[in-house]
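One line per chain: the protein sequences are A and B, in this order.
The opening position of the first sequence corresponds to residue 22 in my numbering, with each subsequent residue numbered one higher.
The opening position of the second sequence corresponds to residue 22 in my numbering, with each subsequent residue numbered one higher.
Think of the hints as simulated: they come from the structure by calculation, not from any bench.
Take the hints with a grain of salt, since some may be wrong.
Intra- or inter-copy, both count: the list cannot distinguish identical chains.
For lysine to aspartate or glutamate, the following EDC-like pairs were computed, each having C-alpha atoms within a straight-line distance of at most 20 angstroms [said to hold, decoys possible]:
#1 120 with 161
#2 120 with 198
#3 165 with 33
#4 120 with 179
#5 165 with 175
#6 120 with 65
#7 165 with 51
#8 167 with 119
#9 167 with 48
#10 165 with 198
#11 167 with 25
#12 145 with 168
#13 145 with 38
There are 2 protein chains.
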Amino acid sequence: MSGEELCLRLPDWVAAELPPRNTPIAEINDRMRLAIHLAQVNIEQETGGPFAAIVFDSSHRVVAAGLNLVTTLNCSSAHAEILALSLAEQAIGRYRLDKSHELVVTAEPCAMCAGAIPWSGIGKLVTSATDQDIRSIGFDEGSKPKDWHMPLVDRGIEVISEVLRAESASVLGQYHDRGGLIYNG
Amino acid sequence: MSGEELCLRLPDWVAAELPPRNTPIAEINDRMRLAIHLAQVNIEQETGGPFAAIVFDSSHRVVAAGLNLVTTLNCSSAHAEILALSLAEQAIGRYRLDKSHELVVTAEPCAMCAGAIPWSGIGKLVTSATDQDIRSIGFDEGSKPKDWHMPLVDRGIEVISEVLRAESASVLGQYHDRGGLIYNG
Numbered sequence: 022m023s024g025e026e027l028c029l030r031l032p033d034w035v036a037a038e039l040p041p042r043n044t045p046i047a048e049i050n051d052r053m054r055l056a057i058h059l060a061q062v063n064i065e066q067e068t069g070g071p072f073a074a075i076v077f078d079s080s081h082r083v084v085a086a087g088l089n090l091v092t093t094l095n096c097s098s099a100h101a102e103i104l105a106l107s108l109a110e111q112a113i114g115r116y117r118l119d120k121s122h123e124l125v126v127t128a129e130p131c132a133m134c135a136g137a138i139p140w141s142g143i144g145k146l147v148t149s150a151t152d153q154d155i156r157s158i159g160f161d162e163g164s165k166p167k168d169w170h171m172p173l174v175d176r177g178i179e180v181i182s183e184v185l186r187a188e189s190a191s192v193l194g195q196y197h198d199r200g201g202l203i204y205n206g
Numbered sequence: 022m023s024g025e026e027l028c029l030r031l032p033d034w035v036a037a038e039l040p041p042r043n044t045p046i047a048e049i050n051d052r053m054r055l056a057i058h059l060a061q062v063n064i065e066q067e068t069g070g071p072f073a074a075i076v077f078d079s080s081h082r083v084v085a086a087g088l089n090l091v092t093t094l095n096c097s098s099a100h101a102e103i104l105a106l107s108l109a110e111q112a113i114g115r116y117r118l119d120k121s122h123e124l125v126v127t128a129e130p131c132a133m134c135a136g137a138i139p140w141s142g143i144g145k146l147v148t149s150a151t152d153q154d155i156r157s158i159g160f161d162e163g164s165k166p167k168d169w170h171m172p173l174v175d176r177g178i179e180v181i182s183e184v185l186r187a188e189s190a191s192v193l194g195q196y197h198d199r200g201g202l203i204y205n206g
């Protein structure tokens, strides 16, 4: 057995693309625009897949960002949501975030991430590109019910979908057109 | 934003509890017994929750082990399956394991881990304690269909359930009786 420590590091460019610490981003569209920008840079820099996620606190300040780093870090669970939530938990020093924390993701969560979200304790999920957009470029989302958001809503998590959907879908399309690796396809 | 690297380290005692490198464990019951032993030590050492997972290769040798380290590492996604699969991928240097890899887990996967398993590429899942055993001590398994294994089977993953169930359920009971932290309960 090798490897008793799993270390997943965000690319060095991430910090420079985020607003100065403690800067609030008041508008939901602007928070999503930042996440879509990170997804775009991730494909331009060839550091991972076309997905990004950001955890914001109750004052709309960035707590942590995550990217899809599956192929670059050789880790099938290194999805944007898992990284953003885990890094946010690390930042606050607890294994549960608060109901006032919001997860902004550039696409609907896959089956794994939809299962991970309730464990994080967040109170709000905001998504952009849809399952259909993701599958249309060849990514598999796993076994999800059609009403994938209902188990979250039933647990008190507010879900807002399709915010700037066309912009995020455009990034997915760019990834596809660049010949980006579609794993699990 | 703080924390641009997520590092999840197994407790130092793990290496000493595993067989010498490259030792095959031919019998499925013995492979599960090893996983249950790791879960037991994890609660005795108070290093995490009552769940363990091990990835074995086609020769039944340990590739990587994982433990539930949610509360000790402050990471809600640090479930045994996620760690074992991710560490195994790291060990072989690829983001997909092979169909010949087997994941042995001391309990049925939660909704997140059930979603993560197909992404790992493994061909076989072996479980012990059931959803009912887990929920009976207060842990939440998330939103799972009753036939939770069918989406895995449909993707070509063999699922063998309830191997040494009573032994694993006993470890869950010990955790509960010791006053182990039931998060998300």
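Exercise. Can you tell me if residue 165 and residue 175 fall within 20 angstroms by alpha carbon in one copy, between copies, both or neither?
Worked result: Result: close both inside a copy and across copies, 16 angstroms intra and 13 angstroms inter.
Problem set entry | 20 angstroms Cα threshold - placement of residue 38 relative to residue 145 | neither (23 angstroms within a copy, 41 angstroms between copies)
Problem set entry | Alpha-carbon proximity between residue 165 and residue 51, which holds within one copy, between copies, both or neither at 20 angstroms | Neither: 28 angstroms inside a chain and 34 angstroms across chains, both beyond 20 angstroms.
Problem set entry | Alpha-carbon proximity context of residue 120 and residue 65, limit 20 angstroms | Intra 34 angstroms, inter 32 angstroms, cutoff 20 angstroms: neither.
Exercise. Using 20 angstroms as the alpha-carbon threshold, which applies to residue 120 and residue 179: within, between, both, or neither?
Worked result: The answer is within: 10 angstroms in one copy meets 20 angstroms, while 38 angstroms across copies does not.
Exercise. For the identical chains here, do residue 120 and residue 161 meet the 20 angstroms Cα criterion within one copy, between copies, both, or neither?
Worked result: For residue 120 and residue 161, only the inter-copy Cα distance (18 angstroms) is at most 20 angstroms; the intra-copy one is 29 angstroms.
For this session: Pop the pair residue 120 and residue 198 into one bin, within, between, both or neither, using alpha-carbon distances up to 20 angstroms.
Result: neither (38 angstroms within a copy, 30 angstroms between copies)
Exercise. How would you label the pair residue 167, residue 119 (within, between, both, or neither) given a Cα cut-off of 20 angstroms?
Worked result: So residue 167 and residue 119 fail the 20 angstroms test inside a copy (27 angstroms) and across (30 angstroms) alike.
For this session: Go through the copies and call it for residue 167 and residue 25: within, between, both or neither, with a Cα cutoff of 20 angstroms.
Result: Classified as neither: same-chain Cα gap 38 angstroms, cross-chain 34 angstroms, threshold 20 angstroms.
For this session: Indicate which option fits the pair residue 167, residue 48 if close means a Cα-Cα distance not exceeding 20 angstroms: within, between, both or neither.
Result: Neither: 29 angstroms inside a chain and 40 angstroms across chains, both beyond 20 angstroms.
Problem set entry | Homomeric proximity label, residue 145 with residue 168: Cα distance no greater than 20 angstroms | Within one copy, since 17 angstroms is at most 20 angstroms while 29 angstroms is not.
Exercise. With identical chains treated as interchangeable, where does the CA-CA distance between residue 165 and residue 198 reach 20 angstroms or less: within a copy, between copies, both, or neither?
Worked result: This pair counts as neither: shortest intra-copy Cα distance 26 angstroms, inter-copy 36 angstroms.
Checked against the numbered hints given earlier, the structure breaks hints 2, 3, 6, 7, 8, 9, 10, 11 and 13 and satisfies all the rest.
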